[in-house]
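What follows is each chain in one-letter form.
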Amino acid sequence: MSGILASMIDGLLIGSVYGLAAMGLSLIWGVMDVINLTHGSMIALGMFGMYLLFSAIAVNAYALLIPIIAGGFVLGIVVYWLAVNWVVDRSQLMSLLSTFAVNMMVIGIGTAIWSTSPYNVNFSLPGITVGEYTFTGNHIAAAISAVLIALLLELFLYRTRAGKAIRAVSDNREAAELMGISSTRVLMVAFAIGIALAASSGALVSTLFPFTILSGAGYQLKSFVVTVLAGLGKPLGALAAGVLLGLLEGAVSPFIAVSWIPLIEFGLFVIVLIFFPRGIFGRASA
Amino acid sequence: MITMLRRPLFWLILLLAAVFAWLPLRGNNVALREDLILVAVAIVLTSNLNLMIGYTGYVNFGHIVFYGLGGYVGLYLATVRGWPLIPAALTAGVAVSLLALLFGLGILRLRGAYFALATIGVLVAVQAFVANFEPWGRSTGMYVAFESYAPMGGPRHALWTTYFLVIAVMALSLLLSLGIKASKFGLGLFAIREDEDAAIVLGVNATVYKAIIYSVSAFLPAVAGALMFFKNGMIDPSIAFEYMLSLEGIVMLMLGGSGTVAGAALGAGLYERLRSYLLTSPRLSDFHLVIAGGLLLLVIRLAPGGLIGWLYRLVPRSREVVE
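Quick note, the sequences are listed as chains A and B, same order.
Heads up: the first sequence begins at 1 in the numbering used here, then just goes up one per residue.
Heads up: the second sequence begins at 1001 in the numbering used here, then just goes up one per residue.
I should point out that these hints are in silico values taken from the structure, not numbers from a laboratory.
Be a bit skeptical, because a hint or two may be false.
[Claimed, not checked] Computed footprint of chain A on chain B; a stretch qualifies when at least three of its residues, placed anywhere within it, have a C-beta under 8 Å from a C-beta of chain A:
1) 1095–1109
2) 1117–1127
3) 1242–1250
4) 1288–1302
[Unchecked claim] Below, a list of computed lysine to any residue pairs in the SDA-like style, where the Cα atoms sit at most 25 Å apart:
5) A:Lys234 <-> B:Gly1112
6) B:Lys1231 <-> B:Leu1270
7) A:Lys234 <-> B:Arg1111
Since we're looking at a predicted model, the values are computed, not measured.
Note that the Cβ used here is the ideal one computed from N, Cα and C, for glycine as well.
Just chain A, with the same shape it has in the complex:
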């Protein structure tokens, strides 16, 4: 019994990283109604960013999150101008295809550089031992980092002028423009923050598990599941739903093979979409 409990606590820690990845997706989706299919490749770039930085300067891996977030932000601006700005007002088909095209290019470049063999970041913090179970330090540190980043985002969105502008555009773009908010700039910043979140979650994952350039796809799927669980445009909701998904994975993983987990997640995704189209945490208006 306590084995399941330990597995669930571990799942909870990892789930907060899923939540962080989903926050980025949810922010972009909620603000500009673009489903960002570059998310997986940006998560993968976060992983390799951590790998490269950590190989270059062997400091505490979690301190490297700061340059990775900054890098992700800049990358987000590039991707926004390359593939997103001109599809914002077009059909969803267009934005799916254009972000997906960028995804292919990033994966292609990544495969050419790093092939698809696994890498890992060789850094570990001392763990905490409770009875016969040890919770690794990295899992705890990753969870704390994820929650910290999530809280910072929440502060930004609710306490700063730029954050309020993002929420205003998300609620009603036309009205926000009438109030003098430049929606293009707001969309760009929101997109860049979303990519920075994806990159930081990838960086956190890289301290937990080995990864390849294709690993992002799995986390992208988890992000979709988490985002629909939480409902759009609720960053803290996405964090909570991520934790929930992690808990669920932790609870089932002692009983079934890991390779079955995508099947369960997908089932959950469809069930939630059909029965709770606004997410289980709900949302007043679409």
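Fit chain B to the supplied structure of chain A, relying on the hints for placement.
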């Protein structure tokens, strides 16, 4: 049916199939046959994907699921159960179509982008299932025993037979697209693509239409999958459900012109040849995805109608011939 005979594209499709069948036969050119079979499969996948994306306006990112599952069912029936190839392939098609109908009734309640996300989920979920499914050899997959080719006159004859069958499936795919385009059912699909709510108000039963077209678009790719994996002699989850192939199908369709029968064939043919060239070129082989992605970005940005859309603009009367 009679009106089909009066459409130029109908005869062009038959001509294309005849040329495909005849070219490698001349001089027993096996290398050319192997090139053309890949083009034919690309056309099968792209023109059936077109039924979803081009006709109905629903993106299916997991189209390759049908091909891979068809391959698994077909190979299982042909080798483990000892069925002859054609009934095995047809049964694979029917089985996968029924499964698609079942999935479709569930996920097609989702609109637009949510559906697109669910199709990614279908791909991942089916792959996870097959990789854990004992009768299908889990992650190691299945092999075709050498004796399985014996009833078809040995491997050499079997390869030629599967080639002609794949060409037939290619022609059927294009004819299916052409037939649906002119039918009342096709008009209903176009209405859903343009405005689903308006279509429903005008009496199109959108849920049923979408489920039917999703299921129909599964049939021929599944048959082609059964034939191809039988020809290749083996199958495993990573080659059966190759995500990249699923994605490249979308590039092919947008390149040629989504929503048009000829565009699907043209895009598939051109892209498949380009890909073969890139994959065999020592300098560019690592970058074929980059080039594909860049191509897709350029096409949707500069010519959202693809090559056929460009042709329509250049020669407006071509619409009557090239559908």
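Here is how each hint holds up against the structure:
no., hint, result
1, 1095–1109, "holds (count 3)"
2, 1117–1127, "holds (count 8)"
3, 1242–1250, "holds (count 3)"
4, 1288–1302, "holds (count 11)"
5, A:Lys234 <-> B:Gly1112, "21 Å, holds"
6, B:Lys1231 <-> B:Leu1270, "24 Å, holds"
7, A:Lys234 <-> B:Arg1111, "21 Å, holds"
In summary, the structure agrees with every hint in the numbered list given earlier.
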